[in-house]
Structure formats: C-alpha cells, structure tokens
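A.B. asks: Work out the full structure, taking the sequences as your base and the hints as a guide.
The sequence shown runs 0 to 285 under numbering that gives the first Met the number 0.
Simulated from the structure, these hints should not be mistaken for laboratory data. Keep in mind that a hint or two might mislead.
[To be verified] List time: in silico SDA-like cross-link candidates among lysine to any residue, alpha-carbon distance up to 25 Å:
#1 K166 / H269
#2 K259 / F120
#3 K46 / A69
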Amino acid sequence: MSEASNQRKYPKVGAKSTGSIPPSELIEVVEAAARAGAEVVMDAVNKPRNVTYKGLADLVTDTDKMSEVAIPEVIKKNFADHLILGEEEELQGIPHQTISDGTTNFAHCYPSFAVSVGVLFQGNPAAATVVEFVGGPMCWNTRTYTATAGGGAFCNGQKIHPSKTDKVEQSLLVTGFGCEHDDAWNTNFELFKEFTGISRGVRRLGGAAVDMCHVALGVTEGYWEYRLKPWDITAAVLIIEEAGGVVTRMDGGKLCVFDKSVLVSNGAIHAKKSSFWRGLHPQQRN
0 MSEASNQRKY PKVGAKSTGS IPPSELIEVV EAAARAGAEV VMDAVNKPRN VTYKGLADLV
60 TDTDKMSEVA IPEVIKKNFA DHLILGEEEE LQGIPHQTIS DGTTNFAHCY PSFAVSVGVL
120 FQGNPAAATV VEFVGGPMCW NTRTYTATAG GGAFCNGQKI HPSKTDKVEQ SLLVTGFGCE
180 HDDAWNTNFE LFKEFTGISR GVRRLGGAAV DMCHVALGVT EGYWEYRLKP WDITAAVLII
240 EEAGGVVTRM DGGKLCVFDK SVLVSNGAIH AKKSSFWRGL HPQQRN
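C.D. replies: Right, dumping it as structure tokens:
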C-alpha cells in the first residue's frame with residue numbers, strides 16, 4: 000500500500016515522549032491488531048460457541064472476550080499511552096471493534112462478521128482495518144480492508160472504489176436492525192419497505208462494518224442503519240470515504256462517529272436517498 004505525500008502525521012497526544020506518528024506506522028499497528036483479533040476468531044470459527052446474553056437478542060461469545068484481550072495487547076505494545084474503546088469492555092479511547100460487529104452471525108456460523116480496528120484523532124478516523132470473514136463452515140477465508148486518511152482504501156492490497164451506479168432503481172441496498180425495538184426500529188421497517196419497492200432490493204446481513212465495506216468495494220450502492228455505536232463504524236467510515244464514497248447522518252448532516260445513525264452510499268445516489276428519507280421523516284434527526 001502506498002502512502003500519499005500529503006498525509007499528515009499524528010502527534011502522540013498524552014504520550015510521555017514527543018514526536019509524531021506517521022500514517023504508515025499507524026496502519027501497520029492497526030493491521031497487526033486486527034490480525035491478532037482475526038486469528039482468535041479463525042481459531043474458534045469451526046468450534047462450539049459458549050454464548051451469553053446482554054439482552055434478549057444481544058449476544059456475547061467467549062471469542063469476543065478473547066479478541067478483546069488480543070487486540071489491546073498489540074495496541075498497548077506499540078502505543079502504550081493510547082486510549083482504547085471497545086464494546087465488551089467499556090475501555091477508554093481509540094475505538095477498536097471486535098467481532099461484536101456480527102456476533103449473532105458468528106454464533107450461528109453465518110457469514111457477515113468482522114474484526115474491525117480504527118484510530119480516531121480529534122474525533123476523525125485516521126487509520127482503519129476491517130477483516131471480513133467470508134465463506135462458511137469448514138471453508139472460511141478472509142478479506143482485509145485498510146485505509147489511512149489521505150492514503151486511499153484497499154482490499155487485500157488492491158485499491159478499491161464504489162460503484163458508479165447513479166440510479167436508486169438500479170441499486171442494491173443494505174440496512175440493519177439493532178437489538179433495541181424502539182421508534183427507530185419501527186421507522187427502519189418503513190424505510191426497508193419503501194426502498195425495497197424502488198430499488199433492486201434491500202439486504203439485511205447483520206454486520207455494520209461489513210455492510211459499509213461492501214459499499215466501498217462496489218458490491219452494493221448504499222447502506223443505512225440506526226442505533227449504532229462508534230466501535231460499529233469508526234474503521235468502516237474511513238474506508239468508505241477513502242474509497243470515494245459518502246457517509247452522513249440519516250438526515251444528510253455531517254457525521255460524527257458518536258452519532259447514532261448512518262447513511263452510506265457510493266456518492267452518486269446519496270442525495271436521492273437522503274432527500275427521500277427526509278420526506279418520510281422531516282422532524283427526525285437520528
């Protein structure tokens with residue numbers, strides 16, 4: 000992966016030593032951390048799962064917990080003063096996401112789960128890796144997406160771009176439904192129905208990072224979802240943007256990874272999706 004000449008260096012905020020971190024060093028550590036988490040998953044993927052529940056449909060497996068150990072070990076070894084945020088352990092700081100993006104899929108050996116690690120600097124994604132598990136029982140493989148701010152997005156080392164489709168009726172879309180069955184959950188059923196009627200179809204795979212990376216790869220044209228967390232989207236936001244896609248809130252406003260809704264597209268259909276959503280829900284932001 001080549002590094003663009005205009006890429007910024009990142010100060011060691013809160014670090015004991017001075018100096019800066021070049022993007023090439025950031026992405027090297029991010030990839031290593033994601034690979035460490037992915038190795039835990041690959042070792043467990045064809046074995047029986049020990050599943051516990053945080054809620055009626057909110058699962059946690061032993062593999063989640065093990066990867067929550069493996070990933071921070073790599074980060075802390077290289078950047079001891081960086082802070083960490085993850086789902087299973089409300090840690091503090093750089094979002095890193097484990098296979099909790101798609102834990103239910105993992106628990107059932109259903110493809111569409113990932114290990115995702117992203118770095119935030121001043122609230123903006125700076126480096127990202129998503130390791131997607133593809134295939135199925137007894138034939139699992141992985142795809143690795145990477146990106147650095149200003150350096151482009153890659154899948155298995157090859158530069159990627161979204162599709163150029165500019166018509167919603169020719170687009171394949173994806174959405175997700177969270178564990179909270181609230182007003183946003185009901186609203187999304189309306190959107191699912193409406194977009195199914197005007198597009199080539201709407202899929203629901205169950206892994207936010209994977210769904211977003213598929214838009215970056217040009218497999219699908221758009222994705223939206225409510226009730227997401229920063230560890231769900233941080234890495235994938237950078238991958239989408241560096242690939243040339245667009246990420247906003249559902250109302251079309253500028254996205255912060257701590258927002259609760261996300262609208263993703265190849266860029267060509269974004270305005271149409273956003274205006275359609277605002278027409279249905281003119282008063283709702285998230």
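A.B. asks: Is K166 close enough to H269, meaning Cα to Cα at most 25 Å?
C.D. replies: holds, 10 Å
A.B. asks: Is K259 close enough to F120, meaning Cα to Cα at most 25 Å?
C.D. replies: Within the cut-off at roughly 19 Å; holds.
A.B. asks: Assess, step by step, whether the Cα of K46 is no farther than 25 Å from the Cα of A69, and give holds or violated.
C.D. replies: Since the Cα atoms of K46 and A69 sit roughly 19 Å apart, the hinted pair holds (cutoff 25 Å).
Taken one by one, the earlier hints all hold for this structure without exception.
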